[in-house]
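Once you have looked at the hints, place chain B on chain A.
Protein chains in written order, with the numbering used here: chain A, 1 to 288; chain B, 289 to 655.
These aren't lab readings, by the way, just hints derived from the structure by calculation. If you're wondering where the values come from, they're calculated on a predicted model, not measured in any experiment. Heads up, some of the hints might be wrong.
Straight-line alpha carbon distances no greater than 25 angstroms define the calculated DSS-like cross-link-like pairs of lysine-lysine that follow [to be verified]:
1. LYS131/A to LYS503/B
2. LYS55/A to LYS649/B
3. LYS55/A to LYS575/B
4. LYS489/B to LYS260/A
5. LYS493/B to LYS55/A
6. LYS131/A to LYS493/B
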Amino acid sequence: MDILTQLVINGIIAGAIYTLIALGFNLIYGATKFFNIAHGVFAAIGGYTVFFFFKLSGVSLVPSILAGVLLAGIAGMLSDRLIFLPLRRKRGSSVIMLVASLGLFTALQSVIAIMFSNRFQTLTDIFNIQKTYQIFSGVITQIHIVIIITVISLTIGLFLMLNRTKFGKAVKAISDDEEVARIIGIDTDRVIGYVFFIGSAIAGLGGILIGFDTGIMPTMGMGLLLKGVIASIVGGVGNIYGSVCGGLLLGFVENFGVWKISGEWKDAIAFGLLIIFLLFRPQGVLGK
Amino acid sequence: MKKTAGIIIGVVAALMLVSAAYVHSMSKKPVVKDTFRIGMIAPLTGDAGFVGVGMKNALLMAREQWGDGKYNYEFVFEDDQLDPKLSASAAQKLLNVDKVDAIVTVGHAPRITVPLARQYDIIHFAIAVQKDIPDGVNNFSHWAPSVKLNGLLIKEMQKRGIKKVGVFRTTSLEAWVAYYNDFLEGIKNTDIRVVTDQTFKKGEKDFRSLIARAKPTNPDIYLIFVETPELEIVAKQIREAGINTPFTTLEGFEVTEQPELFEGYWYVSPVEPSEEFSKAYEAKFGKRPPVCSPNAYDIFNLLATAVERAGSSPSKKPATAQIARELKKIKSFPGALGDLLVSDNGMVMSGVQVKMIKNGKPIALEH
Chain A
1 MDILTQLVIN
11 GIIAGAIYTL
21 IALGFNLIYG
31 ATKFFNIAHG
41 VFAAIGGYTV
51 FFFFKLSGVS
61 LVPSILAGVL
71 LAGIAGMLSD
81 RLIFLPLRRK
91 RGSSVIMLVA
101 SLGLFTALQS
111 VIAIMFSNRF
121 QTLTDIFNIQ
131 KTYQIFSGVI
141 TQIHIVIIIT
151 VISLTIGLFL
161 MLNRTKFGKA
171 VKAISDDEEV
181 ARIIGIDTDR
191 VIGYVFFIGS
201 AIAGLGGILI
211 GFDTGIMPTM
221 GMGLLLKGVI
231 ASIVGGVGNI
241 YGSVCGGLLL
251 GFVENFGVWK
261 ISGEWKDAIA
271 FGLLIIFLLF
281 RPQGVLGK
Chain B
289 MKKTAGIIIG
299 VVAALMLVSA
309 AYVHSMSKKP
319 VVKDTFRIGM
329 IAPLTGDAGF
339 VGVGMKNALL
349 MAREQWGDGK
359 YNYEFVFEDD
369 QLDPKLSASA
379 AQKLLNVDKV
389 DAIVTVGHAP
399 RITVPLARQY
409 DIIHFAIAVQ
419 KDIPDGVNNF
429 SHWAPSVKLN
439 GLLIKEMQKR
449 GIKKVGVFRT
459 TSLEAWVAYY
469 NDFLEGIKNT
479 DIRVVTDQTF
489 KKGEKDFRSL
499 IARAKPTNPD
509 IYLIFVETPE
519 LEIVAKQIRE
529 AGINTPFTTL
539 EGFEVTEQPE
549 LFEGYWYVSP
559 VEPSEEFSKA
569 YEAKFGKRPP
579 VCSPNAYDIF
589 NLLATAVERA
599 GSSPSKKPAT
609 AQIARELKKI
619 KSFPGALGDL
629 LVSDNGMVMS
639 GVQVKMIKNG
649 KPIALEH
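Here chain A stands alone, though its shape is the one from the complex (with noise of 0.2 angstroms):
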C-alpha cells in the first residue's frame, strides 16, 4: 500500500462525510441565513432510527434507512414550523435563531441519550470487517464507496433541482431575499419548510452512513456539525457546490496533517484551516 494513494483515498472518504453534513448545512442557511446548530442531532437522529428499527426491532434494512431518513427530515421540518419559523415570524435576529438552535440541539441529544443510554452503538451485527476493496495501492471499504455514491447523487440531486424546478427556483429565490420572494407571490414559509425537511433527512442519512462506518452516539451530531461548518466556511457558507469543495479540503489538509504530524493535532489542523479562510478568504474558496 502506497501510503500516499491510501491518504488521497483517506481525504476523499474524511471529505464526502463533511459534505454530506455540510450540503444540508448549506441548504438551510442559503434560505434562512442563520447557523442551525441544531442540524448535528439530525444526523443522531437518523442513525438511531436505523438502530431503532433494523438492530432493535429487527426490520429489513431498506425500510429502516427510509425510516431514518425520513424521520429525520421530519424532525427537521417540524422544528422550523415549531421554533424558528414563529422566530422569523416575529424578526427574531440571527442570534437568537442560533441560539434557539443550540437549545433544540441539546433538548432532542438528550432525548435521545434518555431512550438509547450514551453508549457507543453499532448498526451492523459487532464491529463486523467490511468488504474492501483495491484502488491503485490503495484500500477502501465497500460503506466508504456508498458514501463516496451517496455523495456524488445527492450533489447531482440537489443541482438538477436547484436548477430544473420551479421549487428550486423558489429556494434560490429565497436566498437571493426572502422579502422581494415572498412579494413576487413565492410561498416562503412553505418552501423554507420542505427545505428544512430536505436539508435534515441529508444530515439523517449522513448519520446512517456513518453509523454503519464506525457506529453512532447521542453526542455525534456536534462533532459533525463543526466539521459540515468548517466545510461549508471553508467552501463558501450557504454554497451547496462549496460544500463539496470545502468538504474535500478539509478532509484533505486533514489526512495529510496527520502524515506529518501526531493524530492528536487532527482537530487543531482543520480548526486552523477555519482561522487562515476566515482571516484571508471569508468568503470560501467558490463565495456564495
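Okay, now just chain B, sitting in the frame of chain A:
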C-alpha cells in the same frame, strides 16, 4: 438513734434502688452505631458505564456479605461518565454535601480526589495505575502496578520473539500515558523497540491515516492502549486496511464487548477474580463480574476491616489516621483478587497474568 439509723437505711435503700433502676435502664438502651459513609465516583452511564455499575454491584454485595459489624456502612454513588469535570463536581458533592468518610474512585476521578482527600482528611481508595496516587496517609490504590503489568508484557514479548512493536494509544486518559511510559522504560535494556507510535485524542473515530502511517513500519505486534469503543474501532480499521498483525494490550481486551475481534490474541491484565467472588457476583447479578468490580469488592472489605479494627466504640467511628494505620497493617488478606498486601505507601498489591481471548472469553495462560 433508732430514728437516725432508720433514715440512713432508708436513704441508702432509696439510693440503691435509684442506682439499680439507672443501671437497668442503661443496660436496656440500644447501642447507637455510628455510620461510616463511603462515596464512589465512577462512570455509571456511557461507554464505560459497565465499569461503574460493576463496582457499585460489588460494593453492595460486599456490604451484604459483611453483615452486622461494629458500624453501619452507607454508600453514595456518583456518576461521572468518565468526564473529569463531572468527577470534580462529584467529589465536591461527596465531601461537602454527603460528608463521606471515604471515597472510591476510578478513571479521571483518582487524580482529582487525591488532593481533596488530604484537604478533607478522608480515606481515598483509587482503582488506578498511577504510582504517585497512593501515599499511605489518605490515599490508597488497588490495581496491579503498571511496572508489574508491563514487566510481564515485555517478558511475554521476549518469550514470543517479538522485537518490533507498533503502538496506537490515546493521550486523553492518564492511565494509558502511565502504561506507555513504563513500557518504554521497561524495554530500554531489551531488543524490543517501538517502530511506530500513533497517538490520538479520545473520541477519535477515523484512524485510517494513522494506520497508513504505521503500516510501512511492519511491526511484529500492535500494542493498543485505549479503552472501548476506540479499541474496537482501531482494531477493525487496522483489519480493513489489510493488516493481519496481531494485537496486544494491558487490561483492554477485558473490557471489550466484541471479544471476537481479538480472538486468539494474548494480553496482560490483573489476575482473574477468585471463583468464589465470580460465582457470587454471577449468581446475584446474572453476568460475569466486569473489570474493576473485584477491586471494589476488596476495597470495601479492606476498608471495613480497618475501620472495625481501629474503632474502639460502636458509637464513634475511628479517625482517618487510625484507619490508615490499620490498613497498612494488613499484610495478608483473602481478597477477590487473591492474597492481598497493603504496602506502607498505600498500594494494595495483587497479581498479574497473561490471558488470551478464546471462544470470546478471557482465559488465563500464565500467572
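Problem set entry | Holds or violated: LYS55/A to LYS649/B, with C-alpha atoms at most 25 angstroms apart | holds (24 angstroms)
Exercise. When you check the alpha-carbon spacing of LYS489/B and LYS260/A, does it fall within 25 angstroms?
Worked result: holds (17 angstroms)
For this session: Starting from LYS131/A, check that the Cα of LYS503/B is at most 25 angstroms away, please.
Result: The given pair, whose Cα atoms are some 19 angstroms apart, holds under the 25 angstroms limit.
Problem set entry | Restraint status (C-alpha distance of LYS131/A to LYS493/B at most 25 angstroms) | The given pair, whose Cα atoms are some 19 angstroms apart, holds under the 25 angstroms limit.
Problem set entry | Agreement of LYS55/A and LYS575/B with the hint, judged by alpha carbon distance not exceeding 25 angstroms | holds (22 angstroms)
Exercise. Taken at face value, is the distance from the CA of LYS55/A to the CA of LYS493/B at most 25 angstroms?
Worked result: Roughly 21 angstroms between the alpha carbons, so the hint for LYS493/B and LYS55/A holds.
In terms of the numbered hints stated before, the structure departs from none.
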